[in-house]
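Peer 1: For the sequence shown, position 4 (counting from the first letter as 1) is numbered 4 according to UniProt numbering, and the numbering increases by one without interruption.
Check each hint, because a few of them may be wrong.
[Said to hold, decoys possible] Once the Cα atoms are required to be at most 30 angstroms apart in a straight line, the calculated DSS-like pairs of lysine-lysine come out as: (1) 112 with 11; (2) 11 with 78; (3) 83 with 99; (4) 99 with 112; (5) 28 with 112; (6) 99 with 65; (7) 11 with 65; (8) 14 with 65; (9) 28 with 14; (10) 112 with 83; (11) 26 with 65; (12) 28 with 78; (13) 26 with 99; (14) 83 with 28; (15) 14 with 112; (16) 78 with 2; (17) 99 with 2; (18) 28 with 2; (19) 99 with 78; (20) 14 with 26; (21) 83 with 2.
[As the list claims (entries may be wrong)] Per label pair, the in silico range of CB-to-CB distance: (22) 117 with 89: 30 to 40 angstroms; (23) 110 with 89: 31 to 41 angstroms; (24) 128 with 3: 16 to 26 angstroms.
Don't read these hints as lab results, they were simulated from the structure.
Keep in mind it's a predicted model, so treat the numbers as computed, not measured.
Even for Gly, the Cβ is constructed at its ideal location relative to N, Cα and C.
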Amino acid sequence: MKRQLTNIWIKRMKGGPMDPVAFFEKNKGIVGNANQGGRRQVTIMEEEIWEEVMNELGSSLDPSKRRAHLLINGVSLKESRGKTLHIGDNSIEIYGETKPCRQMDETLPGLKDAMFPEWRGVAFGEVLTNGTIGQGDPIELVDKHERVARG
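Take these sequences, add in the hints, and give me the full structure.
Peer 2: Following this line, the structure appears as structure tokens:
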């Protein structure tokens, strides 16, 4: 399976719809997103996890309804805390896993509980670089030792 960025979304206001975008700003997150700065600038969801959860729930809900910013495939985010996700020439430091909230069940009953176990909730992190990202960009998850070796 190809390791790539599948989709990108932002929310322009709290509780608002998720819209497609394509630019990172260092230490802020995705340009135009309602929440910028801090450690939770970007949220990242695995396409494989989403498909697995949808199969379990017998649904075909669009992944943007999960309200994550980035949808990736081919890379597992489980236990990715402290690692760096490279997307094309851009980087995100992963700080942890988000916990599914009540909005999940408002979107699809049972979604919150289905997203809870084993890092299914989505990862969050801080943008380390300025730059454009796009669907199909290659991705790579590396640990600190590999970052040092890369430069």
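Peer 1: Now look at each hint and say whether the structure bears it out.
Peer 2: Checked hints:
For the hint pairing residue 112 with residue 11, the CA-to-CA distance comes to about 20 angstroms; that is within 30 angstroms, so the pair holds. Simply put, residue 11 and residue 78 have alpha-carbon atoms about 25 angstroms apart, close enough for the 30 angstroms limit, and the pair holds. Taking the CA atoms of residue 83 and residue 99, the gap is near 19 angstroms; set against the 30 angstroms cutoff, the hint holds. Our distance criterion of 30 angstroms between C-alpha atoms is met by residue 99 and residue 112, whose separation comes to about 9 angstroms.
With a C-alpha separation of about 27 angstroms, the suggested pairing of residue 28 with residue 112 holds against the 30 angstroms cut-off. About 15 angstroms separates the Cα atoms of residue 99 and residue 65, which keeps this hinted pair within 30 angstroms; it holds. Using a Cα cut-off of 30 angstroms, the hinted pair residue 11 and residue 65 holds, with the two alpha carbons roughly 11 angstroms apart. Between residue 14 and residue 65 the alpha-carbon distance is near 14 angstroms, which keeps this suggested pair within the 30 angstroms criterion.
Under the criterion of a C-alpha separation no larger than 30 angstroms, the hint pairing residue 28 with residue 14 is consistent with the structure, at around 16 angstroms. At roughly 25 angstroms between alpha-carbon atoms, residue 112 and residue 83 fall within 30 angstroms of each other, so this suggested pair holds. This hinted pair checks out: residue 26 and residue 65 have alpha carbons roughly 26 angstroms apart, not beyond 30 angstroms. Note on residue 28 and residue 78: the hinted pairing holds, with a Cα-Cα distance of about 24 angstroms set against a maximum of 30 angstroms.
With a C-alpha separation of about 24 angstroms, the suggested pairing of residue 26 with residue 99 holds against the 30 angstroms cut-off. This hinted pair checks out: residue 83 and residue 28 have alpha carbons roughly 19 angstroms apart, not beyond 30 angstroms. With a CA separation close to 19 angstroms, the supplied pair residue 14 and residue 112 stays within the 30 angstroms bound. Restraint check for residue 78 and residue 2: the C-alpha separation of about 18 angstroms stays at or below 30 angstroms, so the hint holds.
About 27 angstroms separates the Cα atoms of residue 99 and residue 2, which keeps this hinted pair within 30 angstroms; it holds. Between residue 28 and residue 2 the CA atoms are separated by roughly 28 angstroms; this keeps the pair inside 30 angstroms, and the hint holds. A threshold of 30 angstroms between alpha carbons decides the hint, and for residue 99 with residue 78 the separation of about 13 angstroms falls inside it, so the pair holds. Between residue 14 and residue 26 the alpha-carbon distance is near 21 angstroms, which keeps this suggested pair within the 30 angstroms criterion.
For the hint linking residue 83 to residue 2, the alpha-carbon distance of about 20 angstroms falls within 30 angstroms, and the restraint holds. Between residue 117 and residue 89 the Cβ separation comes to about 34 angstroms, which falls inside the hinted range of 30 to 40 angstroms. Take residue 110 and residue 89: their Cβ atoms lie about 39 angstroms apart, and the range 31 to 41 angstroms holds. Here the CB-CB span from residue 128 to residue 3 is close to 19 angstroms, well matched to the stated 16 to 26 angstroms.
Checked against the numbered hints listed earlier, the structure breaks none of them; every hint is satisfied.
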